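Asker: These are the residues of each chain, in order.
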Amino acid sequence: MAQAVATEARLGWRERISATPYFLLAPAIVALAAVSVYPLFYGIRASLEQYRYGREVGFAGLDNYRAVYHDETFWEALRVTLKFVVLAVTIETVLGLLLALLVARELRFAGSIRVGLILPMTIAPVVVGVIWRLLYASDIGVVNPLFSALGLEEPDVLAHTTSAFVGLVVVDVWEWTPLLFLILLAGVQGLPQEPLEAARVDGAGTMRVFFDHMLPLLRPVLLVAIVLRTIDAIGTFDQVFVLTRGGPGTATQLISIYGYNTAFRFSQYGQAAAMLLSLLAFMSILMVVAIRLMRRAAFGVESEA
Amino acid sequence: MRSAAPRIGLYSLLVGILLLTLFPFWWMIVTSLKRPVDIFAGVALWPQETTLDNYRVLFEQHHFRAFLVNSITIVAVSVGISLVLGTLAAYALTRFRLRLGLNDSALVGSLLVRMLPAILLVIPLYIVLSKYQLLDTRLGLILVYAGLNTSFVVWLMQSFLDEIPREIEEAALVDGDSRLSALRRVVLPLAAPGIAATAIFSVITTYNDFLLALTLTSTPDAQTVPVGVSTLIGKIQIEWGPMAAAGVVGALPIVIFALIVQRHFVRGLTLGAVK
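Chains A and B, in that order, are what the protein sequence lines are.
Sequential numbering of the first sequence, starting at 1, is according to our numbering.
Sequential numbering of the second sequence, starting at 1001, is according to our numbering.
Hints listed in this document are in silico derivations from the structure and should not be mistaken for laboratory results.
There could be a bad hint or two in this list.
Unchecked claim - No farther apart than 25 Å at their CA atoms in a straight line, the calculated lysine to aspartate or glutamate pairs in the DMTMM-like style are these:
no., chain 1, residue 1, chain 2, residue 2
1, B, K1131, A, E56
2, B, K1131, A, E49
3, A, K83, A, D71
4, A, K83, A, E72
5, B, K1131, B, D1221
6, A, K83, A, D156
None of these values were measured; they are calculated from a predicted model.
All chains should be modelled from the sequences, with the hints used to inform the complete structure.
Answerer: Spelled out as structure tokens, the structure:
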């Protein structure tokens, strides 16, 4: 920033009042607004409209919102989403951190497994769904034979409520632990060594060094990773659509799946819009937190460099 | 200094993790190369008899040619548009101090758009596109993706452009270049690696998108590969072989791209927060 200002001062008045930067910026802003602000305006309007068989039939006021808040399935979907997000993100963070601490000093090795580890999160989530559908399938899959080879009962993962839910968490952990691992690996490798050494010399045990010295230093990067992953996990849709479509029953019906069904299967656009706008209100809090954290973390990285 | 035993333990743990990560891919590939009888013949980690029939079925009976053509067209055009819009905006944001706190609000705005989960946008976008008769058209998807990608390009490019020293373009300006020609002759060549990484990320996210393409299209005239993959999952019966083959077709181009940018991968996925 300071640099930009200095540049500006040297460039003289003609450059300073020039309209060039505004012309450069305007198309991007129009494009962004066209896919966010503008449609959201229509979303708000839709949430206030009454729909029958997918057609607008009049103004509904807050009826859609009332219907949503009195809808037991909506709350059930929120509970399932919350359970899914908390479980998945927690497991991914703990596993990712453990792995990062283990390989932090094995630089060459960490580099060579990165290629393999990024694959699950690069491919389309729909393909992730297909892959696990093939593994979980009761007739042609791998999971059932594996369990019976170990002398356990075949789980038929996607056929039962609890196992289907657990199965989805496993898929998410498979897909996203590598991201947490790579972020935290960068964090661990960027830690200053002196304070940690000093603590060790003072006789602090491994656990002590970790909780009292490493964790506080890792906090900024850890928080960014967790918040970003949480935002993403709340929007999980594709994998579930391919694997269970929310079933059996409502066992894996995340809020995204329920919103989609309400709009595009039952043509209740008004209620779906009301539902998703309520979710947006909640998520904007998370997003603001994320932006604050990211600016601080990015600043930290730059000031070290 | 450190003894060998824990190292061997660590290495075998890592190899185990790598296997857990990669085996599911292998299973999909193997299944896609098996004959239907062999698919049902228990767990075989290698195709009993290799066949490309499943792939032939995809292209002959399931419109995969159309899906691929749609995907490639939509991805290429929309990423092209967003690269131009986003890079120009990022240049303005990193090199000028704008009025009304625009530097800040434009960046925050683009981050917010980037973070919005697709599910929150599908209903409004569906309504808007139907208003302009753009449902089930490639143009409709191109416009939506171009807009959404611009957010990502602005954010990532401003972090790349920020790293290019201003002194170099100032020299060009002193030599009489206009802002735009300095951008073209001096800054863009230096930013080329960043632009390439940003482009590839945009290609990956656009090609992979499912929910928007699913709701905004309805026929092979505009449907993309991920939507095509999902059409193979019927309610009652699943043709496992073609489904596995579809997964491979859906993943392959992206895996290649991802390997090219793997160094930048974490930076892209964390929106530049971690470099």
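Asker: Which numbered hints does this structure break?
Answerer: Failing hints: none at all.
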